[in-house]
Amino acid sequence: MPTCRNCESFVTERYVKVFEPEGITRPRACPHCEDMVRRGKDVRPKKN
1 MPTCRNCESF VTERYVKVFE PEGITRPRAC PHCEDMVRRG KDVRPKKN
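Heads up: the sequence shown runs through residues 1 to 48, numbered per our numbering.
Everything labelled a hint here was simulated from the structure, so no lab data went into it.
It cannot be assumed that every hint is accurate.
What the hints assert, rightly or not - Keeping only pairs whose Cα atoms sit at most 30 Å apart, straight-line, the calculated DSS-like set for lysine-lysine is:
| hint | residue 1 | residue 2 |
| --- | --- | --- |
| 1 | Lys17 | Lys41 |
| 2 | Lys47 | Lys17 |
| 3 | Lys17 | Lys46 |
To be verified - Cβ-Cβ distance ranges computed for the label pairs, FRET-style:
| hint | residue 1 | residue 2 | range |
| --- | --- | --- | --- |
| 4 | Asp42 | Thr12 | 29 to 35 Å |
| 5 | Thr12 | Glu34 | 30 to 36 Å |
| 6 | Lys47 | Thr25 | 24 to 30 Å |
| 7 | Glu22 | Asn48 | 19 to 25 Å |
| 8 | Asn48 | Met1 | 30 to 36 Å |
| 9 | Tyr15 | Lys46 | 15 to 21 Å |
| 10 | Val37 | Glu13 | 29 to 35 Å |
| 11 | Val37 | Lys17 | 28 to 34 Å |
| 12 | Arg44 | Ser9 | 29 to 35 Å |
Treat the numbers as computed from the prediction; the structure is a model and nothing was measured.
For glycine and all other residues, C-beta sits at the position ideal for the given N, C-alpha and C.
Given these sequences and hints, build the entire structure.
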């Protein structure tokens, strides 16, 4: 089961397949991350 590199939350294999480049097995950020945001292919810190 994959986990997020940022918050260690569980993510599905399908989530990884959809949101990460091929070959990446642990996403850089996920919907549970409170301090990171996805923007297109990039992941960035959330603005305060």
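Hint-by-hint comparison with the structure:
1. Restraint check: the Cα-Cα separation between Lys17 and Lys41 comes to about 13 Å, which is no more than 30 Å; the hinted pair holds.
2. A hinted pair counts as satisfied when its Cα atoms are at most 30 Å apart, and Lys47 with Lys17 qualifies at roughly 27 Å.
3. Of the supplied pair hints, the one linking Lys17 and Lys46 holds, its CA atoms being roughly 23 Å apart against a limit of 30 Å.
4. The beta-carbon spacing between Asp42 and Thr12, approximately 21 Å, falls outside the hinted interval of 29 to 35 Å.
5. A hinted range of 30 to 36 Å for the beta carbons of Thr12 and Glu34 is inconsistent with their spacing of about 20 Å.
6. A hinted range of 24 to 30 Å for the beta carbons of Lys47 and Thr25 is consistent with their spacing of about 29 Å.
7. Taken as a hint, the range 19 to 25 Å is violated for the pair Glu22 and Asn48, whose Cβ atoms sit roughly 33 Å apart.
8. Checking the proposed 30 to 36 Å range against Asn48 and Met1 shows it holds: the Cβ atoms sit about 32 Å from each other.
9. Evaluation of the 15 to 21 Å hint for Tyr15 and Lys46 yields a pass: the beta carbon distance comes to about 19 Å.
10. The hint said 29 to 35 Å for the Cβ distance between Val37 and Glu13, and at roughly 22 Å that hint is violated.
11. Remark: the range hint 28 to 34 Å for Val37 to Lys17 is contradicted by a beta-carbon distance near 20 Å.
12. For the pair Arg44 and Ser9, the supplied restraint of 29 to 35 Å is violated, since their beta-carbon distance comes to about 18 Å.
Checked against the numbered hints given earlier, the structure breaks hints 4, 5, 7, 10, 11, 12 and satisfies all the rest.
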